[in-house]
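K.L.:
Listed here are the chains, written in short residue letters.
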Amino acid sequence: NAGVTQTPKFQVLKTGQSMTLQCAQDMNHEYMSWYRQDPGMGLRLIHYSVGAGITDQGEVPNGYNVSRSTTEDFPLRLLSAAPSQTSVYFCASSSHVNQETEAFFGQGTRLTVV
Amino acid sequence: GESVGLHLPTLSVQEGDNSIINCAYSNSASDYFIWYKQESGKGPQFIIDIRSNMDKRQGQRVTVLLNKTVKHLSLQIAATQPGDSAVYFCAEKGYQKVTFGTGTKLQVIP
Numbered sequence: 004n005a006g007v008t009q010t011p012k013f014q015v016l017k018t019g020q021s022m023t024l025q026c027a028q029d030m031n032h033e034y035m036s037w038y039r040q041d042p043g044m045g046l047r048l049i050h051y052s053v054g055a056g057i058t059d060q061g062e063v064p065n066g067y068n069v070s071r072s073t074t075e076d077f078p079l080r081l082l083s084a085a086p087s088q089t090s091v092y093f094c095a096s097s098s099h100v101n102q103e104t105e106a107f108f109g110q111g112t113r114l115t116v117v
Numbered sequence: 298g299e300s301v302g303l304h305l306p307t308l309s310v311q312e313g314d315n316s317i318i319n320c321a322y323s324n325s326a327s328d329y330f331i332w333y334k335q336e337s338g339k340g341p342q343f344i345i346d347i348r349s350n351m352d353k354r355q356g357q358r359v360t361v362l363l364n365k366t367v368k369h370l371s372l373q374i375a376a377t378q379p380g381d382s383a384v385y386f387c388a389e390k391g392y393q394k395v396t397f398g399t400g401t402k403l404q405v406i407p
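From first to last, the protein sequence lines stand for chains G and E. Heads up, the first sequence is in our numbering, so the first residue is 4 and it goes up one at a time. Heads up, the second sequence is in our numbering, so the first residue is 298 and it goes up one at a time.
One chain only, chain E, in its complex shape (with noise of 0.2 Å):
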């Protein structure tokens, strides 16, 4: 999983397996957070975003799940594909700001 201040932790991930990112926030203020997807020489691109009030949100592919007892967020993809390769980031929205978690790269073994 990944927490601000630490080295970008790498999860190696057959095709066609789930993939799991975790992501420990740090605010028990904030009330929205959001996963985006970085590729290469790009900027972040929005996945799925969650509020605060719910535990568990799912897209095309993508599920989110928050866990507010334990500052806890993780976003599962499923049926991983090379396409998904990238580095992934969670962020938490509090007052005004919105704030970044180090990120996690994926990459996708073919």
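Here chain G stands alone, though its shape is the one from the complex (with noise of 0.2 Å):
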């Protein structure tokens, strides 16, 4: 069972570059979700995506592009990587954001942007 995967686990990034961070989950869930975690300031919801074809801003979407072509995959663009972008980002689904379900993580991305 592999739940929640996330590619790359570690990247480093010049400032401008752009790249995408990967999240696919094989459980059917409907509700994705990106978070970032940086230290003292917990996690914070960039956008989530309510099933395939639907996306929406959460807490702190700038500099930040998603889509759901698929249920399974849901990516993360950075268009032009800023040094406030470096942080741990997690990916997470759940069967379904209006039921009173937990949330599975992946294993996180830890993103330098130098």
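Since the hints were derived computationally from the structure, they do not count as laboratory data. One should not assume that every hint holds.
On the chain E side, residues computed to face chain G include the following (Cβ under 8 Å) [to be verified]: (1) I331; (2) G340; (3) D346; (4) R348; (5) K394; (6) V395; (7) G398; (8) G400.
Remember, predicted model here, so these are calculated numbers, not experimental data. Note that beta-carbon positions come from the ideal geometry of N, C-alpha and C, so glycine has one too.
Hints in hand, dock the two standalone chains.
P.N.:
Spelled out as structure tokens, the structure:
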């Protein structure tokens, strides 16, 4: 059982570079989300999706794009990386956001922007 | 306890003692609450949940208490073990979104 798989685990980018953080889940979950985790700030919601073809902004969406072309995949794109985007990124999925159910998290991607 | 925006608080507990981790949530309309445990270098993992129509729920060595009047949630861990050392987050579910607190670091002293 793979659960939620994030790639890569570590990444160093130069300011202005672009990249995509990958997230895939094999549990047929409708709801997927991206969080960033910074020291002392907890987990902050970047973007989320309640199903294929539907995405919406979270608390800190600026500088990030997402798409949800399939139920399984929810990639997070940084179009022009900035040092302020240095963080640990977590992808999560749950069966349905409006059901009372836990979220399953990936192992995280540690991103450093220099 | 924890609250959004503050530095990460730390709770140090002697092995074998009980731990109580507190959380103040913000949205009175939240109807579902979850506690997660995050070990170093890993993603958060589900511990226990509680619906807003309950005030207490027990699991294996863990109990969650919910006080909706003061918007307060607590996690009690009985007979704390070294493996309980981690950061603990509470999360509240509103419409289509789950909001996490900043977390509390639990250090277990052998």
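K.L.:
It remains to establish, for every hint, whether it holds in the given structure.
P.N.:
A quick look at each hint next to the structure:
At a threshold of 8 Å, the smallest CB-CB gap from I331 of chain E to chain G is about 6 Å, leaving the interface hint in force. The criterion of a C-beta within 8 Å of any C-beta in chain G is met by G340 of chain E, whose closest approach is roughly 3 Å, and the hint holds. Interface restraint check: D346 of chain E against chain G, minimum CB-CB distance 6 Å, threshold 8 Å, status holds. The beta carbon of R348 of chain E comes within 6 Å of a beta carbon in chain G, closer than 8 Å, and the hint placing it at the interface holds.
Taken as an interface hint, K394 of chain E checks out: its beta carbon lies about 6 Å from the nearest beta carbon of chain G, inside 8 Å. Interface hint at V395 of chain E: satisfied, since its Cβ lies 6 Å from the closest Cβ of chain G, which is below the 8 Å cut-off. The interface hint given for G398 of chain E is met, as the beta carbon of that residue sits about 6 Å from the closest beta carbon of chain G, less than 8 Å. For the restraint placing G400 of chain E at the interface with chain G, the shortest Cβ-Cβ distance is roughly 5 Å, inside the 8 Å limit, so the hint holds.
Violated hints: none; the structure is consistent with every hint.
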